[in-house]
Amino acid sequence: MTDALLQIEHLSIDLPGPAGPVRVVDDVSFAVAAGRTTGLIGESGSGKTMTATAVIGLLPAGAEVSGSMWWQGEDLVTMAEKDRRRLRGRAIAMIFQDPQSALNPTQTIGRQVGEILRRGGMPKQEVRQKVIDLLDRVGVPDPRTRHAQYPHQYSGGLRQRAMVATALAGSPQLILADEPTTALDVTVQARILALLRRIREEEGMAMLLVSHDLRVMAHVADEVVVMYAGRLCEIGPGREVLSSPAHPYTRALVVSVPAVRSRTAIAEPLPGSPASPADRPSGCPFHPRCAKARAVCRTEVPQMRQVAPGRQVACHFPEET
Amino acid sequence: MSLIEVRDLVVNFHSRRERRRGRPNAVDGVSLAVRPDETLAVVGESGSGKTTVARCVAGLQTPQAGTVLFDGAPVGRVAKRPPEVRRAIQMVFQDPAASLNPRMTVRSIIAETWRTHRSAAPADRSWDDAIAELLRDVGLDPGVADRRAPSLSGGQCQRVSIARALALRPRLLVCDEAVSALDVSVQSQILRLLAGLRASRELAILFITHDLGVVRQIADRVAVMHQGRLVETATADDLFERPGHPYTRKLLDAALDLEGA
Ligand SMILES: Nc1ncnc2c1ncn2[C@@H]1O[C@H](COP(=O)(O)OP(=O)(O)OP(=O)(O)O)[C@@H](O)[C@H]1O
Ligand code: SF4
Ligand SMILES: [Mg+2]
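Keeping their order, the protein sequence lines are chains A and B. Position in the first sequence counted from 1, then plus 9, gives you my numbering. Numbering follows my numbering, in which position 172 of the second sequence is assigned residue number 160; successive positions increment by one, without gaps.
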């Protein structure tokens, strides 16, 4: 990991709650390598979005952050807000799950895609040309006409393409993508994923992809980071982790994914519900749902340790890999 | 005989003027039937008309043309349906939180359905016991009965709406993307429940989804919609092994699997 573009170390995030602060992200460390896609996997409420939001510096008011996020020798956690603003939308850009609400309905697509360029002082004619080029690159048909249209005139898939163009406008080194294809149809989803992959290859930029969809992860993530109730479970190369998971939770997720190309039985469900960070179980947070749990799992928090080259897992009794 | 049948259904949301100018129908001549003990999945891209067909079946949408038959008899809008038919067809929607009254406890949400449909209310035991069992059936702690929707997670709300639908002992459950937003571990729990109910209670399910993996696990037959029309209806095995229509093949090709990634 000498070429880490972003190095997250012991990141914890507390959010204000009705009964005092809630630790929604707890002691999370991982790296995003330059030019690679890192996938952040976890169920609803596991802290994926909060982790990505911390990187771009848009956490909700009252959030307390500790730990470090190293970006080119500087710590994003302690960086002055004006310096973070300089990075946002330029070196680090974000694509959201729901382009509908991320785009402004009263402004043309072209205006929104070109915003960062205009703010950077690029002349109007040049911005227009650059926006048309960007829309063309992300596969918006007839960009000469369509850059002047409004979001409601775009389909869901086209809006997501426009979001990608907006992110690319600042020539970022890192793109954060939070569930970028969850709201889309399979056929559209496949095209957006191919687009993200192509762009990453062409531009050599890194991507932190947040998703609960393991199938998407298997297709685009070079590395994956699995989270449960705000904590790390497992880190490793995407293909290896998803084909031979070391953590019982990752394993439970993997066997729950129904296959299309062969007929699979409905998986044996995990008992109980996903743990909420507000009342995180003691010891290993997964222990109330884990078939392998023993006494030590209730009392001792398992620490991340290496189980194979490039593979780390936080479990007292990991699976053979 | 079919439990529910739709014949030559046509729905168009445009004004008459726009229709004359050739704006397409949202649903254009769809016919399909669900037998009393089968699960029929309807798949297709967003905008292909799946939800509109489901809403016609549930009586929430009046078609411009065509008929909906329940037990062989035509049924119209939900308000005009006999109480017995209304009870027998229950719907579970995609957005669980929006379909539950935020001010009511889970207990009163379920009890309300029994006040409306006395015939479905438990006669041999207390309502509280019956509610606890329903909640357990959908994998929820019975303690959830005292909570209100805003304090529950998305997956918990979805299970409450399934419990509410099942409380009426329906003969047909219409599920519109009912498991799509759920995390996979919760999703398999709900799918198990639905498969078990279908086997034990003669429950028919009209299952609308874009997740072909889920379809392969629970559907007996599959109907594929494209731009308001049915392009193919086949048994699940045939559809996945020998897709007949080019559009079906396109859908299958676009679907991702964990294996072989
Ligand atoms: N604005 C907020 N204020 C207070 N708590 C919040 C806020 N947003 C999220 N949370 C809480 O923080 C925790 C982590 O949330 P986060 O959004 O990071 O989860 P996630 O893994 O992205 O889940 P999902 O898959 O549902 O998007 C959850 O317990 C959530 O309820
Ligand atoms: S630490 Fe124990 S409870 Fe946690 S995942 Fe491993 S075996 Fe299961
Ligand atoms: Mg999220």
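Just to be clear, a hint being listed does not mean it is correct.
Distance condition first, Cα-Cα at most 20 Å in a straight line; then the derived SDA-like pairs of lysine to any residue [stated by the list, open to error]:
id	chain 1	residue 1	chain 2	residue 2
1	A	Lys91	A	Gly130
2	B	Lys238	A	Ala268
3	B	Lys238	A	His228
4	A	Lys301	A	Arg260
5	A	Lys91	A	Gln106
6	B	Lys238	A	Arg200
7	B	Lys68	B	Arg95
8	B	Lys238	A	Thr196
9	A	Lys139	A	Gly98
10	B	Lys238	A	Arg272
11	B	Lys238	A	Leu204
12	B	Lys238	A	Val197
13	B	Lys238	A	Arg270
14	B	Lys238	A	Ser271
15	A	Lys139	A	Met78
16	B	Lys238	A	Asp194
17	B	Lys238	A	Ala300
18	B	Lys238	A	Ala203
19	B	Lys238	B	Glu220
20	B	Lys68	B	Thr93
21	B	Lys68	B	Ala53
22	A	Lys139	A	Glu211
23	A	Lys139	A	Leu204
24	B	Lys68	B	Arg91
25	B	Lys238	A	Ala199
26	A	Lys91	A	Glu124
27	B	Lys238	B	Ala224
28	B	Lys238	B	Arg217
29	A	Lys139	A	Gln106
30	A	Lys91	A	Val74
31	B	Lys68	B	Ala99
Please keep in mind that the hints were generated in silico from the structure rather than gathered at the bench. Keep in mind it's a predicted model, so treat the numbers as computed, not measured.
Would you pick out the hints that fail for this structure and give their numbers low to high? 5, 7, 15, 17, 20, 24, 29, 31
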